[in-house]
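**Student:** The chain contents come next:
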Amino acid sequence: QKEVEQNSGPLSVPEGAIASLNCTYSDRGSQSFFWYRQYSGKSPELIMFIYSNGDKEDGRFTAQLNKASQYVSLLIRDSQPSDSATYLCAVNGNSGNTPLVFGKGTRLSVIA
Amino acid sequence: DAGVTQSPTHLIKTRGQQVTLRCSPKSGHDTVSWYQQALGQGPQFIFQYYEEEERQRGNFPDRFSGHQFPNYSSELNVNALLLGDSALYLCASSLGPGTGGDTQYFGPGTRLTVL
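As they're listed, the protein sequences go chains A and B. Numbering-wise, the first sequence is residues 372 to 483 according to the working numbering. Numbering-wise, the second sequence is residues -7 to 107 according to the working numbering.
Honestly, the hints are just simulated from the structure, not real lab data. Just so it is clear, CB atoms sit at the ideal spot from N, CA and C, and this is done for glycine as well. Hints may contain errors.
Some but not every residue of chain B turned toward chain A, in silico, with C-beta under 8 Å [what the hints assert, rightly or not]:
no. : residue
1   : 33
2   : 61
3   : 95
4   : 100
Work out the full structure: start from the sequences and follow the hints.
**Tutor:** And the structure:
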């Protein structure tokens, strides 16, 4: 059973701070890793994807992957109240276009 | 560039009824995956369609079935609805296998309520 684990939160950070969201996965053969943002009542919106060990930066967002530890994280710099949402970690299997396995999501609250 | 579209937005049904949900993939995409998201949970994979065939299936009963049309759009059918089928149903589109494009983009979802 492939599993993706996330702390459900809520994670509360002050405006302007760095928010750190973490995710672990069970399938060592996983190849692709995604972070989605989901506002209440809306569908998931892709923020970032990462395939290789290390860091990948896009604007205020940085994804970090450590395959040896089976760990992926998302850092949000200069957090804004508009970043308040549930962040879903998703992992793809060990061949192309396999189904995404999602964590339950971490709820982030950015306090103004 | 048209994104993923789904219809209807909301649907209310009673137990035992049947429902059909529709999805059109993002322009240029040929693969459609369906997910069920219960309240407070992450999306759960139902099945995936590519080249008009069901390619992969998650742990869902046969009451859940689907179809993909030549224009890549897709339908999800659920028969004999149960209260537990109440959820947000998400369609995601992507490029086909072997293209290296496994990133999935989600539509707005269909909120199904079973009474």
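**Student:** Give a verdict on every hint.
**Tutor:** How the hints compare with the structure:
1. 33: 6 Å, holds
2. 61: 19 Å, violated
3. 95: Holds, because the Cβ-Cβ distance from residue 95 of chain B to chain A comes to roughly 6 Å (cut-off 8 Å).
4. 100: 5 Å, holds
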